[in-house]
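Turn these sequences into a full structure, and let the hints steer you where they fit.
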Amino acid sequence: MTGFLQVHAIEKRWDHDVTVGPISLDIARGEILALLGPSGSGKTTMLRLLAGFETADGGRIAVANEDATSLPPARRRFGMVFQHYALFPHLDVGENVGFGLDNSPDRDAKIAAALGLVDLAGFERRKVHELSGGQQQRVALARALAPEPRVLLLDEPLSNLDPALRERTRHELREVIKRVGITTVFVTHEQEEAFDLGDRIAVLNQGRLEQVGVPDELYEHPTNLFVATFVGRANVFRGKSARALGANGEGVLVVRPERLRFAQAGLPGIVRERRYIGAAAFFLVEADDHERFEVLAEPDAAKVGARVYVEATRVIAL
Amino acid sequence: MTRRLRRSDIAAAALTLLLGWLVIYPILTVGVDAAHPTALTAFFTRPGEWAALWASVWISLVSVILAAAIGVPLAFLFEWFDFPGRKTLGALIALPVVLPPLVGVIAFLFLYGESGFIARAIQSVLHLQNAPWRLQGAVAILLVHAYSMYVYFYLFTRAGLAKLDVSMLEAAQALGADRRATLWRVIVPLLRPSLVGAAMLTFMTALGSFSAPYIFGGGFRVMTTQIVATKLNGDLPLAMVETVALALVAVAGLVILRRTEGDDILVALGKGIAPRPRPIRRTSLRWLAAIAGWGLAVLLLLPHLTLGLVSLVPYGAWTTEILPPVINLENYRRLFSEAERLRPMWNSLWMAAASTAVAVALALAGGWLVVRRRVALRRAIEALLALPWALPGTVFAIALATTFSVHAPLQLRFVLVGTAVILPLAYLVRALPLTGRGILAAYRQLDPTLEEAAASLGAGRWRTLARVTLPQLRPGLAAGASLAFVAALGDIVASIVLYTYETRPVSIEILSSLRLAETGVAAAFGVVLMLVSAVVLGVGARR
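The listed protein sequences derive, respectively, from chains U and S.
When you line the first sequence up against the numbering used here, it's residues 1 to 318, in that order.
When you line the second sequence up against the numbering used here, it's residues 1 to 543, in that order.
Hint data in this document are derived by calculation from the structure and do not stem from the laboratory.
All of these numbers come straight from a predicted model, not from anything done at the bench.
Every residue, glycine too, gets a C-beta built ideally from N, C-alpha and C.
Errors might be hidden in some of the hints.
Cross-link-like lysine to any residue pairs, in silico, SDA-like; alpha carbons within 20 angstroms at most [said to hold, decoys possible]: (1) Lys-127(U) / Leu-446(S); (2) Lys-127(U) / Arg-474(S); (3) Lys-127(U) / Leu-531(S).
Simulated restraints on C-beta separations [unchecked claim]: (4) Leu-183(S) / Pro-89(U): 40 to 46 angstroms; (5) Pro-89(U) / Phe-76(S): 33 to 39 angstroms; (6) Gly-116(U) / Ala-290(S): 57 to 63 angstroms.
Beyond 10 angstroms from chain S on every Cβ pair, some chain U residues (computed) [stated by the list, open to error]: (7) Gly-30; (8) Arg-125; (9) Gly-239.
As structure tokens, this is what we get:
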């Protein structure tokens, strides 16, 4: 099956040989894809290429088998929610949401429906600056969805909210997107957000696509060291330490902290620090080669200064 | 991207050429044409020329000192001390800066002039044969300059003081500095950029000042009046040499002052909390401050009130009495019913509106290319938009008169002098820095994602401009446009060189009314100019 939104070898060259791409992605109808990467990885450029704010230097973008590569943003029919929302300060909520709608008789009904979708029914006459951050975010979402775009693009949709609000908003956002059934691409630098909101995740680094997959796949079967260490916590072992944990080759061994446990034998080390997080604790262990690694275990599994042995229940060999 | 970039580069090149043709080309033409041996000889050998140039320089320098002497203490008084009426007065005493200079000058004439209100009163009380003084020459010019230009120092110093961080003053005191040491070692250095900015503005305004020396100068000539006199005598080559000399003085003055400006360290340190105005505790002192403040405000606004009174006195009715014996609206009736009096008003209005509209359009195009498209020519465009500010209006008037009185299409010179186009063109050149500054600053503050949001919602370029960009630029645009409109409406510097009888603006009509001793009509024109200016600026300043 070919995707609803197809990106084929898209490329953007900036000055001083900074290049994003070539990147190819296939996104199914109704799917939510997260673009995850550190700052400077090219994820925002990727989103702006999709929106049409940047013009590709190579490759093509197609929606429903229709070429959209050189369509200007105004004719692309891609809805976008900006990082700082970009609500028009001189217009009220209703006018913001209705901005992308034609002057048809059912315009007001469409505005009301879009606002109802984000749980802001009756907010039409409010001023934008009177709204809280969470409400502004929802108005921005309603405004992007009102013209019934083909694809929804979200630029760091939750980064402007305080942490307490973020998790709740994340679930509401996913719920609205799934109810509308719109194909969605969003950018984030937070792994938790990508896992929670995205159906699939594309990991970007230095302008290249490192891996695409569902969260479990990225976490359990990363294809390279960058993905292994960027997605989730990871201990990296090499050489003698790696062999002590069961590696048979010369390769690198990646082990998640929760896949390590204290045992009678295995990799020896000394507990240097204990970070208590309630249900469990992270133990920072220093091996004999002075490399440090983390073990997630019961809060009272070990004491600081104690000599311990560590074994792995599951390893990722790279 | 490449295709669109190329298009904006072509647009940038076109705008640069157009601005260059408007702003630089006439100046260069004058520079080249001024290299005329007889005119040069005349300029260098006649002592009157050197005297006028020197007069321009020293009048400007003394104007800066006088304006600072009034404006800076006022700023401290209003920013640091609280007394009844502080806010209202603080706004009122900034008023002279927004009114057309010519109106201020004739108002001054009607109040302090030899046949003015005060002289008349003294003459009548003391039963003098002649007027007690003659308001003429350098002293009169300096008086008018100080009276109208202290506002620059007042406003700039207040803005600088408002940006001062109170913790810096507290730090100085904690380090053992007494009040005097804090003032000289902390406050004054921090205010330096504001003070230098005000000094530059005052110097440039005084150097280019025309109405005051024209009306009060008598035999005392400064360069601006000298140039116009030479031009009216028909000696255009000499006028061009004088123009170049004045332009060089202006540029030299700017360069020297800019050197002393220093970096804007206040900006570098970020926003601080300005000290709150200290209420004056002692009741007697409070009253003293309030009375002094209100007295000052009346003193500063008195000329304009006099103007209003004079405008109500019909022709020939007021001879030797202290107060006018008759007061009615006859002058205004004549103003609005006589076709020959309505014409200058209509002329001023349409020419100011047309030049402002074009200046706004050019500044918008400039803002889009410089800020949004970041075209390669952005520095050139910005410099061209700002340049007319750096040269006195008389320089541009003579430059346009020279360049556009010759038919040479291949040199892009056309005969525009004598047509209805030349005055709006001159106003346009003078308006560019005002609209340019306002619109570029607003463009820089405009979040580019707002325009992207409009595009992603399906709005094309023009819809985005009309519904998102322009509403967002409105404050800066309205401020720039209203200043440009008011400047054009009250202009006399360019008008007196370039007007024809058919296109004469209000300022010229005021001068000819004065010449015919129709003071009432002149005052009525002044009041109308003042009111229209105040309304336009009020609308422009609304958020």
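Each hint tested on the structure:
Distance check on the hinted pair: Lys-127(U) and Leu-446(S) sit about 19 angstroms apart at the alpha-carbon level, within 20 angstroms; holds. Our distance criterion of 20 angstroms between C-alpha atoms is met by Lys-127(U) and Arg-474(S), whose separation comes to about 18 angstroms. Restraint check for Lys-127(U) and Leu-531(S): not satisfied, since their Cα atoms lie roughly 35 angstroms apart, outside the 20 angstroms limit. The given range of 40 to 46 angstroms is respected by Leu-183(S) and Pro-89(U), whose C-beta atoms sit roughly 41 angstroms from each other.
The hint said 33 to 39 angstroms for the Cβ distance between Pro-89(U) and Phe-76(S), and at roughly 36 angstroms that hint holds. As the Cβ distance of Gly-116(U) to Ala-290(S) is approximately 58 angstroms, the hint placing it in 57 to 63 angstroms holds. The Cβ of Gly-30(U) lies farther than 10 angstroms from every Cβ of chain S, with a closest approach of about 20 angstroms, so its non-interface assignment holds. For Arg-125(U), the condition that its CB be more than 10 angstroms from all CB atoms of chain S holds, with the nearest at approximately 18 angstroms.
Distance check on Gly-239(U): its Cβ is at least 48 angstroms (rounded) from any Cβ of chain S, clearing the 10 angstroms threshold; non-interface status holds.
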